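K.L.:
Residue numbers (the working numbering), protein chains in the order written: chain A, 1 to 406; chain B, 407 to 812.
No lab work stands behind these hints, which were simulated from the structure alone.
Incorrect hints may appear among the rest.
Unchecked claim - Each computed DSS-like pair below joins lysine-lysine, with the alpha-carbon atoms no more than 30 Å apart:
hint	chain 1	residue 1	chain 2	residue 2
1	A	Lys33	B	Lys724
2	B	Lys437	A	Lys360
3	A	Lys31	B	Lys724
Note that this is a predicted model, so its numbers are computed, not measured.
Number of protein chains: 2
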Amino acid sequence: MNKIGIIQQVEHGSVTLAKGFQAGGLHCGLKRKRKDLGWIYSEQPAAAAAVYTTNAYQAAPLIVTRESIAVEQKIQGVVVNSGNANACTGQPGLADAYEMRRLMADQWGIEEHLVAVASTGVIGERLPMEKVRAGIAQSTRHEYQGVEHFEEAILTTDTRTKHFAVQLEVDGQVITIGGAAKGSGMIHPNMATMLAFITTDACVEQPFLLKALREVTDQTFNMITVDGDTSTNDMILVLANGKANHQPLTPAHPDWEMFKNGLAMVCRELAKQIARDGEGATRLIEVTVKGAPSEQAARGIAKAIIGSNLVKTAVYGKDPNWGRIVCAIGYSGETFNPEQVQVKIDPVTVVDQGLPVSFKEEDAQAALGEETVTIEVNLNMGEGTATAWGCDLTYDYIKINALYRT
Amino acid sequence: MNKIGIIQQVEHGSVTLAKGFQAGGLHCGLKRKRKDLGWIYSEQPAAAAAVYTTNAYQAAPLIVTRESIAVEQKIQGVVVNSGNANACTGQPGLADAYEMRRLMADQWGIEEHLVAVASTGVIGERLPMEKVRAGIAQSTRHEYQGVEHFEEAILTTDTRTKHFAVQLEVDGQVITIGGAAKGSGMIHPNMATMLAFITTDACVEQPFLLKALREVTDQTFNMITVDGDTSTNDMILVLANGKANHQPLTPAHPDWEMFKNGLAMVCRELAKQIARDGEGATRLIEVTVKGAPSEQAARGIAKAIIGSNLVKTAVYGKDPNWGRIVCAIGYSGETFNPEQVQVKIDPVTVVDQGLPVSFKEEDAQAALGEETVTIEVNLNMGEGTATAWGCDLTYDYIKINALYRT
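Same shape as in the complex, but just chain A:
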C-alpha cells in the first residue's frame, strides 16, 4: 500500500468536487427505465490521460476518444452512454460515436476534439441514435444537472453507484482528486466493462499525468477480477484542469509522490467498490501475496487465487477449503517453494510451511463471513508483494448472466 501522508478522504466526494467540474445525466431510452446518458464538463480544457482495454476488439467510442486526446492532450467534456456498448458495430458504429461527440460539442459550444466518448452495455447492436440525439439535446436542461445523475447514468448491472474523493495540499494549496466508476460483470485484470472517470483541479503536465495513471492502474484497476473476462469498452480517464493555483506538478515537484498517492487512493477505492459490486457478489475478497521473488510473481499468484471459481464459490459457501487456495498458487505458473508457503484466511492460519494447520472450523467460517474476506499468502522467499480484489461466485452471477441479454 502507498503511504497516505496528509491526504484526506472527502465523504460523498465524486467527479464534481474538484474546482470547475460539472456533471449530469438523464434517461434517453437505451435502458428500460434507468438513466443511460451522462456527461462531465470542465470550465476549461483539462490535461487528459487515459488507459484502455487490452481487448483486440476496441469499441468505437474508444477509437474516437483516442483521436480527441491525440489532438492536444486535452479534454473538456465527456459523454457516456450505458445500455449499448457500440462495439463490433463496424463503420456505422464508428460514425455513431463521431456523431455523439459532435452533438455534445455543439451543446457545449466547444471543439469536437475536446470531447471524449464512452459506452457500456450490450455488444454488437447499433446505437438507437434518435434516442441519443434527443437525450443530448436535453442535456443542458437544469433538472438533469447533478453528479448523482451522472453516477447512475453510467451503470449497467451495477447495484450501486461508485465514487471516492480525496484532498491534499500542493504548494500550500488544497487540491481535490475525485472519481466515479461503473463495473460489475466482465471485470478482469486489464480492465473489462469498467469505466472510471477521475477529475482533479491539480495542475499537472499531461505526460506526467499519463505516467502516474499507468503506474497506479497496474496496482489498482488491473488487480481486480470478477469473472476473468476482459471487455471491449474499458477506459479510465483522468482530467486535470489546473484550477488549483500551484506550480505545475512534475516528478521533480516535492509534492509529486503525494499527488500520486492521492490518485492511487482514489483508483484503489473505486477498484474495490467495483470488485465488491461484482455481479451477484455478496462479499469482497482481498488477496495479499507477500514474500514473493518479485512483485510480478506476487501479482500473478494473487490474480490466480482471486480468479479461481473454486475459491470464489468456497468463500460464498463459507467453506474454509484452503486446498483450493493452495491449488491456485500451484497452477499460477509462478516459481515458489511449496514447503515455505503460509496461508491465512485472516486472522486464521490454515497452512504453514506448505502443510495444513489445525484450526477451529467456526473461526475460519467467521472469517469467511466477513463483509471483506482477507486471504493472505506468504511465500517466505523475497520482497515481492501485491494485492488483488475480487468477489465470491454465487447463484445470482449465473442468474444475471444467463439472462442478461434477453
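Based on these hints, arrange chain B on the given structure of chain A.
P.N.:
Relative to chain A, chain B alone:
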C-alpha cells in the same frame, strides 16, 4: 480430427476389454456410501506411460507412481482411491502412498515398483489408512471384481461413469484400446482432478507409447475445461501388456498411425465425457477454431472461448450473446484480424467479417438447446485448427462447490 480408418468402437468397452486385464472396486469408507477404492491388474507387467498435472503441488501418489514407472517403465497393477486426494499432506502423506503401494503389491504378490497409485478428492487431509488397509485386504474377494466397480470407485462429484474402447487391426491381429476416467470439477487444460486409465493388449515399446500419449493428450485431455482450475492429482496412465500377438509397434511400423488414431479416439471420447459431466453441466460445448495463423493460436482462442464464464452462462441461458464469444477471441492474446472473423453457433452464422449477421433468435436458441452446443470460429487467416470442449456454467456448479467440503 484424426482420420479413423477401420477403427471400431466397442459398446460398453472399458479397461478390461483388452486381453489380460482385470479390474474391481469396493467401498472402504473414504466416502459416505459410494465405492472409493479401485484397482486394475494386468496378467503380466505392461509397458507404462503417464502424463501428470502441471500444478507445482504434486500429490503424494503421483510421486510414488513416477518412482514405480522409473524402475523399468512397466506397471502391472494400479490402485486408486477417491474421497481423499492425499495432496499437501507432506512426508506422512507420502508414507501413506508408499504403504498403499506396498499393501497392494503384497495382495497381488508382485514387486512394489510394478504398482501405480492414484488418489482424488479433498486436498490436505491425511488418508484414514486403517480404512484403506481394510479395503485393500478385501480387494481380492470375488464379489468386488468387475470393471463397473472400478469405474464407480474412481468418481468424486461425477454423476456418471466414463469409459470408451476401440478395436483395430495390427499385423492382421485385432488389438483393443480401452479406457475409464473420472473428472467433473477442477478440470482445465493441463489436466485437473482428472484421472484416466487406458489399457491395451498392443505390443508397444515404452518410449514410443509415451511419445504417442503426449501428442494425443495435447489434442484431447488438454483441450477440455470446466472451471479453469488445475488440480494437484491428475494423471493419465496407459498400460500396454503386449498380449496381442504382433510385431512391436514403433513409428516405423505401417500400422503406427492407426494405433495412434485409436489411442486418440479413446482419449478424445473420455475427455468429452469428462467435459460433459462437468460439475452442474447441462450441455457439452464444443468450440472449433479454424483458419488460425497456427495450431497453437487456434488452441489459445478455443480455450479462451470455452473458458469464458460469460459464454458458459450464456449457453446455459440459451442466450445467443455472440458478443461474449467475440470478446473472448479478443482477449485470448492471439493475433488475428477482427474484420475477418466469422462465428457460428452451429448451424447459425452470427458474425461475419467481424460484424453481426441478422439471424432468427429462435434458430440460435434452438442451436443453444442442443445436447452438444457447437461454436465454430473461422479467422480466415491460415491453416491452424483446434477443438476444445467444455460445459455450461449453472446454478448447480455453485451449489456443488459452495458446499463440497462441508
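K.L.:
Does each hint fit the structure? Answer for all of them.
P.N.:
Comparing the hints with the structure gives:
1. Between A/Lys33 and B/Lys724, the direct Cα distance comes to roughly 25 Å. Compliance with the 30 Å bound is thereby established for this hinted pair.
2. For the hint linking B/Lys437 to A/Lys360, the alpha-carbon distance of about 23 Å falls within 30 Å, and the restraint holds.
3. At roughly 22 Å between alpha-carbon atoms, A/Lys31 and B/Lys724 fall within 30 Å of each other, so this suggested pair holds.
Consistency note: the structure conflicts with none of the earlier hints.
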